[in-house]
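Peer 1: Chain by chain, the residues:
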Amino acid sequence: MNILKKTNIKRKVSIRTLLAFLFIIIINLPIIAIISRVNFSSNDNWEHFKQYLLLDAVSNTFYLVLFTLLLSGIIGVLFAVIVALFDFPLKHLFKWVLYIPITIPPYIAAYVYAGMLSYTGIIQRLCRSWGIDLKPQWLDIMNLRGAVFIYSITLYPYIYGAVKSFLENHSGNLVDTARVLGYKPIKLFGKVILPLIRIPLIGGLMLVMMEVVSDYGVVKYFNIQTMSSTIFQSWFGMGETGVAIRLSFYVMICIIALQGIEEIMRGRKKYVIGSGRGRPIKPVKLKGFKGYAVIILITLFIGIAFIVPVGQMLVWAMLAFYKVNLSNLNQILFNTLIYCILATVLILALNVWIAHSRRWMAAKSGLIMSKLTQLGYSMPGAIIAVGTITVFVAIDGLLHPLYRYFDPNSKKLLLSSSITMLVFAFVVRYMAIGFNSVNSAFAKIGVKYNDAARTLGIGRTKAMMKIELPMLKSSLITGFILTFIDIIKELPLTLLLRPFNYNTLASRVYEYANDERIHEASVPALIIISLSTLAVILLVRISSGKGGIKKR
Amino acid sequence: MKAFKFTKLLAIGLTATMLFAGCSSTSQKATESGSKGDETKPEYVNLYTDRHYDSDDSLYNAFTQKTGIKVNIVKGKSDELIERLKTEGADTEADLFITADAGRLHRAKSSSLLQPVDSQILKANIPENLRDSENYWFGFTKRARVIVYAKDRINPAELSTYENLTNPKWKGKILVRGSDSIYNQSLLASFIEIMGEENAKKWAAGIVANMARAPKGGDRDQAKAIAAGEGDIAIMNTYYFGLMLNSSDPEEKKVTEKLAVFFPDQDGSGTHINVSGGGVVKDAKNKENAIKLLEFLAGEKAQKSYAEANYEYPVLKSVDSSDLLKSWGSFKEQSVSLSKLGELNEKAVKILNEVGWK
Chain U
0 MNILKKTNIK
10 RKVSIRTLLA
20 FLFIIIINLP
30 IIAIISRVNF
40 SSNDNWEHFK
50 QYLLLDAVSN
60 TFYLVLFTLL
70 LSGIIGVLFA
80 VIVALFDFPL
90 KHLFKWVLYI
100 PITIPPYIAA
110 YVYAGMLSYT
120 GIIQRLCRSW
130 GIDLKPQWLD
140 IMNLRGAVFI
150 YSITLYPYIY
160 GAVKSFLENH
170 SGNLVDTARV
180 LGYKPIKLFG
190 KVILPLIRIP
200 LIGGLMLVMM
210 EVVSDYGVVK
220 YFNIQTMSST
230 IFQSWFGMGE
240 TGVAIRLSFY
250 VMICIIALQG
260 IEEIMRGRKK
270 YVIGSGRGRP
280 IKPVKLKGFK
290 GYAVIILITL
300 FIGIAFIVPV
310 GQMLVWAMLA
320 FYKVNLSNLN
330 QILFNTLIYC
340 ILATVLILAL
350 NVWIAHSRRW
360 MAAKSGLIMS
370 KLTQLGYSMP
380 GAIIAVGTIT
390 VFVAIDGLLH
400 PLYRYFDPNS
410 KKLLLSSSIT
420 MLVFAFVVRY
430 MAIGFNSVNS
440 AFAKIGVKYN
450 DAARTLGIGR
460 TKAMMKIELP
470 MLKSSLITGF
480 ILTFIDIIKE
490 LPLTLLLRPF
500 NYNTLASRVY
510 EYANDERIHE
520 ASVPALIIIS
530 LSTLAVILLV
540 RISSGKGGIK
550 KR
Chain E
0 MKAFKFTKLL
10 AIGLTATMLF
20 AGCSSTSQKA
30 TESGSKGDET
40 KPEYVNLYTD
50 RHYDSDDSLY
60 NAFTQKTGIK
70 VNIVKGKSDE
80 LIERLKTEGA
90 DTEADLFITA
100 DAGRLHRAKS
110 SSLLQPVDSQ
120 ILKANIPENL
130 RDSENYWFGF
140 TKRARVIVYA
150 KDRINPAELS
160 TYENLTNPKW
170 KGKILVRGSD
180 SIYNQSLLAS
190 FIEIMGEENA
200 KKWAAGIVAN
210 MARAPKGGDR
220 DQAKAIAAGE
230 GDIAIMNTYY
240 FGLMLNSSDP
250 EEKKVTEKLA
260 VFFPDQDGSG
270 THINVSGGGV
280 VKDAKNKENA
290 IKLLEFLAGE
300 KAQKSYAEAN
310 YEYPVLKSVD
320 SSDLLKSWGS
330 FKEQSVSLSK
340 LGELNEKAVK
350 ILNEVGWK
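Taken in sequence, the protein lines are chains U and E. At position 492 of the first sequence the residue is numbered 491 (numbering that gives the first Met the number 0), and the sequence of numbers has no breaks. At position 277 of the second sequence the residue is numbered 276 (numbering that gives the first Met the number 0), and the sequence of numbers has no breaks.
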């Protein structure tokens, strides 16, 4: 293995690698455009920020991230372990139901929960009718704890998904051996499972962290001063992008640094499972009481994370249905699906290429490359949006002569007033989501199939397309779901980068929610949730149906 | 075999979507360039707006029916739209910029994104303090930032001015949203203009000292918090109070009916108002159409629609407010030139941060 690796390093830089790097440079153009505007000179606004806002922003962000990671990590790992290691009634249903809360955009969950718990909300109303006097403070969710709760119940599926599929497919021998050796559940978890799932767990936690750091909707509504809300406030309030850009630059650096530290720590103790040697785990049947306890636990959780908020939205949607303008619904659906699917497919294709070529790169350059694909995810969407506009206006400037060649009357801002810009921005922002699943899949199968195909006279790319992609189908499908869902629920990008008259579901939700009309907003929000849920069901079916059988 | 199918599917899917992307952008172009070739070229006006009401859309439709000018819209947040306008520079496709805050309009003007418009209709219909002194932008609806109080706990005779809210007797009673709200920023900016920076800061500090809870949520949440008994008095916009009284949730309606509106500073400088307004983009390609749309929005039909559909106050004198707004009574407005709200916005934000208004 080692020898093979060394010879790989010496190989010449191939077109494959160059192309991969070219892709990476292109998707990072908006970020370069933003960073090039960073100004480190100290001015009034920066001093003001340091004096009055810095402390709150840093400490709130820190606690928010820390506790969200803890809570979502516990939830995600708990359910992943339960589902992977045990058999219980209705497991096949619960297995994918546990993915579904990811379909609720966090800011919508925040509005819904705040609404439900408010004075006019269902809970206080019921209590009042029963004569129970509740202190409003008891039900106050609009604070840091509440935000942690909201983020955790909407984001834990990142962790659940990654850990579960890893455990299911690759921990069979180790877990079984430990069980044979008589490890008690706690010891089994601490000594075997936790070290094993480290890589997917950290991958999932990183995604959650970046979502939390860059999210703006929840913290704005709850009025929690975080880095991201401060970025916006300094931008909006002080009307200059200087502080905002500088802050988002620092946030990005922090996230890169964190990932670097993780990488270094992981480097020392690598739990390498011989690639491909891991075999599916054999779940233990939970009988009687234990089985039902698990069912009750999952049902309760799904109730809180999905059924209750969605049920509430259904009620609101019915109340306000007549006020919602749905005249262009077909067009809106069409628009939404087009940019979501386009961006998702592009993200997957680029990630496949990058992960594919990464395997023949020196470890370090491969690592740098993988980090570079993730930069966009660590920045607030609106900042990416501004960077993207800058890039596209410049590109349009360059290409204008070309447009003129085809159409003498062509306007200059052709690309930047089409959905190309919107789709591109999504690619920039969500490369990281697809990358995790695609890259870990490629890393897992290593290069041996490709090498084998090569000895049979097939080119590497062809071998990848014909042999490896089909093998990785389920990882690709997971990547597809996660990316699609993230894109369909994302707001700031779709808001700013739309071409004229390009209404989408996310923009409709915003229009109502921003106007504090959550009842009306429930209608388009429910459509987003149904579409994402449909995606989850459809794709989980495909992957568990065909993919599962094939593996065995 | 299966493997082959899958990759094939992926490849087909990819090319199909790519082609589609190409088509959708070219088809858009086709309709536009095709239209140019026609003998009677369809007129249009491109609008960047941060107002996002369904009733606005029907107004634009009415405009199209009346004039034949199609209104193309990008809706977004005002600051982001300003940033987009700045980046697009002279090449921008936008002709008209509309936003729901005078401060932002001023910011667009001072970033050289707008151009002055000389229109008799606009000048005649819109009071002087509701438009830019150099005619770069024009307000066409008003909202007031008022005091809302619990009828059962507060005697309106005790209420008088905004400044009165800083009186220690209101300690733990005041509800208001966070300092990131543009409405709070503009309110404070107006005080800086009226009473000077020092006193405005004292006012903000006094409100912070009297807050019933850490600021959170939107304007509606403040009214709900009164109902819940967390505080007795909220500073909020008339617009949201109107929305609540007509909520689709009967419980919310019921709760709101226990609250009432009070217009502060009636013996002094008047109640704070802000406008939604628009200005023609500096490099507008369809300037004439943009002006026509502005004039339409300041006209009687549009003003009526604003008044009825949206709980906003019309700026046109001859148009009455909706019955609901009328039932709250007429009131004396601040006479502060709204351009000041923009000029003083940064100062206001800094004061809010300094006094610890979260």
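In short, the hints are calculated from the structure, not lab data. Values in this document were obtained by computation on a predicted structure and should not be read as measured data. Mixed in with the good hints there might be a few duds.
[As the list claims (entries may be wrong)] Each computed BS3-like pair below joins lysine-lysine, with the alpha-carbon atoms no more than 25 angstroms apart:
#: 1; chain 1: E; residue 1: K303; chain 2: U; residue 2: K322
#: 2; chain 1: U; residue 1: K49; chain 2: E; residue 2: K357
#: 3; chain 1: U; residue 1: K411; chain 2: E; residue 2: K252
#: 4; chain 1: U; residue 1: K411; chain 2: E; residue 2: K284
#: 5; chain 1: U; residue 1: K134; chain 2: E; residue 2: K291
#: 6; chain 1: E; residue 1: K172; chain 2: U; residue 2: K134
#: 7; chain 1: E; residue 1: K253; chain 2: U; residue 2: K322
#: 8; chain 1: U; residue 1: K322; chain 2: E; residue 2: K300
#: 9; chain 1: E; residue 1: K316; chain 2: E; residue 2: K284
#: 10; chain 1: E; residue 1: K346; chain 2: U; residue 2: K49
#: 11; chain 1: U; residue 1: K410; chain 2: E; residue 2: K40
#: 12; chain 1: U; residue 1: K410; chain 2: E; residue 2: K253
#: 13; chain 1: E; residue 1: K150; chain 2: E; residue 2: K172
#: 14; chain 1: U; residue 1: K447; chain 2: U; residue 2: K465
#: 15; chain 1: E; residue 1: K357; chain 2: E; residue 2: K346
#: 16; chain 1: U; residue 1: K134; chain 2: E; residue 2: K253
#: 17; chain 1: E; residue 1: K357; chain 2: U; residue 2: K322
#: 18; chain 1: E; residue 1: K69; chain 2: E; residue 2: K286
#: 19; chain 1: E; residue 1: K286; chain 2: E; residue 2: K122
#: 20; chain 1: E; residue 1: K172; chain 2: E; residue 2: K69
#: 21; chain 1: E; residue 1: K357; chain 2: E; residue 2: K69
#: 22; chain 1: E; residue 1: K303; chain 2: E; residue 2: K316
#: 23; chain 1: E; residue 1: K257; chain 2: E; residue 2: K122
#: 24; chain 1: E; residue 1: K122; chain 2: E; residue 2: K357
#: 25; chain 1: E; residue 1: K286; chain 2: E; residue 2: K65
#: 26; chain 1: E; residue 1: K253; chain 2: E; residue 2: K291
#: 27; chain 1: E; residue 1: K65; chain 2: E; residue 2: K303
#: 28; chain 1: U; residue 1: K410; chain 2: E; residue 2: K291
#: 29; chain 1: U; residue 1: K461; chain 2: U; residue 2: K447
#: 30; chain 1: U; residue 1: K411; chain 2: E; residue 2: K40
#: 31; chain 1: E; residue 1: K257; chain 2: E; residue 2: K170
#: 32; chain 1: U; residue 1: K49; chain 2: E; residue 2: K201
#: 33; chain 1: U; residue 1: K411; chain 2: E; residue 2: K172
#: 34; chain 1: E; residue 1: K357; chain 2: E; residue 2: K201
[Said to hold, decoys possible] Calculated Cβ distances over 10 angstroms to all of chain U for the following chain E residues:
#: 35; residue: T63
#: 36; residue: L80
#: 37; residue: I120
#: 38; residue: E287
#: 39; residue: F330
Note that CB positions come from ideal geometry on N, CA and C, so glycine has one too.
Peer 1: Compare the structure with each hint and give your call.
Peer 2: Hint by hint, here is what the structure shows:
1. E:K303 to U:K322: 19 angstroms, holds
2. U:K49 to E:K357: 15 angstroms, holds
3. U:K411 to E:K252: 51 angstroms, violated
4. U:K411 to E:K284: Given that 25 angstroms is the threshold and the Cα spacing comes to 12 angstroms, the pair holds.
5. U:K134 to E:K291: Answer violated: U:K134 to E:K291 is near 54 angstroms, above 25 angstroms.
6. E:K172 to U:K134: Satisfied, since the Cα-Cα distance of roughly 16 angstroms is no more than 25 angstroms.
7. E:K253 to U:K322: Between E:K253 and U:K322 the Cα gap is close to 19 angstroms, so the pair holds against 25 angstroms.
8. U:K322 to E:K300: Holds, at about 22 angstroms.
9. E:K316 to E:K284: Roughly 32 angstroms separates the two Cα atoms, so the pair is violated.
10. E:K346 to U:K49: 16 angstroms, holds
11. U:K410 to E:K40: 16 angstroms, holds
12. U:K410 to E:K253: 54 angstroms, violated
13. E:K150 to E:K172: Holds, because 14 angstroms separates the two Cα atoms, which is no more than 25 angstroms.
14. U:K447 to U:K465: 14 angstroms, holds
15. E:K357 to E:K346: 16 angstroms, holds
16. U:K134 to E:K253: 20 angstroms, holds
17. E:K357 to U:K322: Violated, because 34 angstroms separates the two Cα atoms, which is more than 25 angstroms.
18. E:K69 to E:K286: 14 angstroms, holds
19. E:K286 to E:K122: 17 angstroms, holds
20. E:K172 to E:K69: 50 angstroms, violated
21. E:K357 to E:K69: With a Cα-Cα distance of about 43 angstroms, the restraint between E:K357 and E:K69 is violated, given a limit of 25 angstroms.
22. E:K303 to E:K316: Holds - the C-alpha atoms of E:K316 and E:K303 are around 11 angstroms apart, at most 25 angstroms.
23. E:K257 to E:K122: Status violated; Cα separation ~41 angstroms.
24. E:K122 to E:K357: Violated - the C-alpha atoms of E:K357 and E:K122 are around 39 angstroms apart, more than 25 angstroms.
25. E:K286 to E:K65: It holds: about 18 angstroms lies between the C-alpha atoms, which stays within 25 angstroms.
26. E:K253 to E:K291: 42 angstroms, violated
27. E:K65 to E:K303: Within the cut-off at roughly 16 angstroms; holds.
28. U:K410 to E:K291: 23 angstroms, holds
29. U:K461 to U:K447: 14 angstroms, holds
30. U:K411 to E:K40: Answer holds: U:K411 to E:K40 is near 20 angstroms, not above 25 angstroms.
31. E:K257 to E:K170: 22 angstroms, holds
32. U:K49 to E:K201: Holds: U:K49 and E:K201 sit about 22 angstroms apart, inside 25 angstroms.
33. U:K411 to E:K172: Roughly 56 angstroms separates the two Cα atoms, so the pair is violated.
34. E:K357 to E:K201: Holds: E:K357 and E:K201 sit about 16 angstroms apart, inside 25 angstroms.
35. T63: 12 angstroms, holds
36. L80: 7 angstroms, violated
37. I120: Label holds. Min Cβ-Cβ 26 angstroms, cutoff 10 angstroms.
38. E287: 18 angstroms, holds
39. F330: Correct as stated: the minimum Cβ-Cβ distance to chain U is 23 angstroms, above 10 angstroms.
Violated hints for the displayed structure, listed by number in ascending order: 3, 5, 9, 12, 17, 20, 21, 23, 24, 26, 33 and 36.
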